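Enquirer: Work out the full structure: start from the sequences and follow the hints.
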Amino acid sequence: MDPLLIAGILTVVLFVLLAAGLWVSLTLMLLGLLTMVMLDNNASGLIFATTTWGASSSWALTALPLFIWMGEILFRTRLSEDLFEGLTPWLSKFPGQLFHVNILSCGIFAAVSGSSAATAATIGRMTLPELKQRGYDTRMAIGTLAGSGTLGLLIPPSIILIVYGVAAEVSVARLFMAGAVPGLLLVVLFMGYTALWAKLSPKSVPQDTRHFTWADKFKAIRNLIPVLSLIIFVLGSIYTGLTTPSEAAAFGVAGALILSLISGTLSTKSFNESLMGAVKTSCMIALILAGAAFLTISMGFLGLPRMLAEMIATLQLSPYMLLVYLTFLFVILGCFLDGISVVVLTTSVVLPMVQQAGIDLLWFGIYIVLVVEMAQITPPVGFNLFVIQALSGKNILYIARAALPFFMLIMLAVVLITVFPSIVTALPDLMVN
Amino acid sequence: MRRFLDGLYAFSGALAGFFIVAITLVILVQIVSRWMGYIVPSTDDLSGFFLAASSFLGLAYTLKKGGHIRVSLVIQRLSRVQRHRQEFLVLAVGSGLATLMSWHLGYMVYESWVFKDVSVGYLPIPLWIPQSSMSLGMLIFNIALVDELIRVLRGAKPCYQDYEDELNLEEV
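For the protein sequence lines, the chains are X and G, in the order given.
Residue numbers are given in the numbering used here: position 391 of the first sequence equals residue 391, and the series is strictly consecutive.
Numbers given in the numbering used here equal positions in the second sequence, counted from 1, plus 1000.
Simulated from the structure, these hints should not be mistaken for lab results.
Keep in mind it's a predicted model, so treat the numbers as computed, not measured.
Virtual Cβ for every residue (Gly too), placed ideally from N, Cα, C.
It cannot be assumed that every hint is accurate.
Covered by chain G, per the in silico footprint, the following chain X stretches (three or more residues, Cβ under 8 Å) [to be verified]: (1) 20 to 26; (2) 40 to 54; (3) 242 to 253; (4) 270 to 278; (5) 333 to 340.
Expert: Written as structure tokens, this is what we have:
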């Protein structure tokens, strides 16, 4: 059969199966199998088995369940309360005041958790009621939370960067280094916008009359020392090359357990809940990765990625134009699919095309995560929107509108890293040399 | 039978959790012994094997708890009758696919055993041992899918449907 015809059939089947509610992982496997059948490949069973074994027993992937577990443990501690109490005194004089607690708490939590929905949920359940009670503008409170919740995807350790690294065969440690500066850039953009907004609409921010002395400030931040040391230790050991991401993750789990013990939230029940929560998430992701690995191999047999790459070469498409098209494609895909599925589908088909256009795969990983972040806060399927809907009781369109400025800010960050790629590559280059 | 099956899913789920703990311990032991100047052989292989065991043994548990993600945009708009047919359809496709996969993974274990394949690391571990955990996990997943299919055939709602309305905070 003609490869283009097969590709057309596969695209239709993909959307039908997904819309019919077949699980993403099984959909990927079925597509891979279908490709093999249409190509008359009679070794498909053997290829499936060996690919699945190879993809599932990879040593680099062990960081995944461990970082998920670490986040699950910390999710069940007093961390969100500590963040709120510790940061409030420091921000009382800054325009926008407690809105920034939302942003900074999310940024810090993102550095111990790899998921954006978990970040938004953990921080939001603490800050949203507090902000409302003190008379802050609800819409801006929701907007700051929705936007900065997505930081969980970019600021390392990040689950989606591990998935990309394993699927695209890019070093996870380097991806973690590459994500740090763009993550901080987003925090700065969010805080800058919020401060500007607060200056322009002073009525929406209540006057905080409390006065905090320096003694208060340092007393408040004392509770944050354990978690900050955990972050510095885990990320620092990866950045300096002392440990691999998997080893840092094992330390992270140990550190999170100690932290939870100190704060008095560790019990047999919370331990088991955190572990089984980690089982659910990591099994789900592992099966998707196994399916994606098989689909990638099948696509290789079909030759579709190579054909797309050749097409790029003959069209003389500039990298910028390619990125514009891809951004549209990803934002549309992200309207229906979660971030991980978007990433694995991408790596199966478009990576050779991206390489052909001369785009660095390390840079591309950060770019795709930023685009997925935008997708997290666009309706109809944006996981952060669902989380905040559950927390605030507002409808999804209200939340999406509140998040719109932050969507634009992430878009700005995408433009910035495209114009100045060194925002992404400078840190990894520096660390490797 | 019901109690046996539910016990099976819970037990294999707990085993998956156990293997995550085991990965953590193996890696910690590796680092600490490296600091003390010892090299514990094959820890990389071992943690990879434990990962495969954990990922596959937890599949059935994850299915029952609604942990596997799918696109719910269309199906949540279906009427009760349509939804029932849709769940039947995806479970039938899923069961068929899982049967095929269980067969091929099982066959791979058999071949590794016959050809005495061993891991390439320092310690030559016979590959059929770690591979059988994967194959077993897939088989239990397969049983769980067929189990759900039979539930739906009898007119009941599949177990995972109750959990899917709940928020899964860890979905990325």
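Enquirer: It remains to establish, for every hint, whether it holds in the given structure.
Expert: Now the hints, each set against the structure:
1. 20 to 26: With 7 residues in contact (Cβ-Cβ under 8 Å with chain G), the coverage given for the region 20 to 26 of chain X holds.
2. 40 to 54: Result for this restraint: holds, n = 7.
3. 242 to 253: holds (count 7)
4. 270 to 278: holds (count 5)
5. 333 to 340: holds (count 5)
Comparing the model with each earlier hint shows no violations; every hint is respected.
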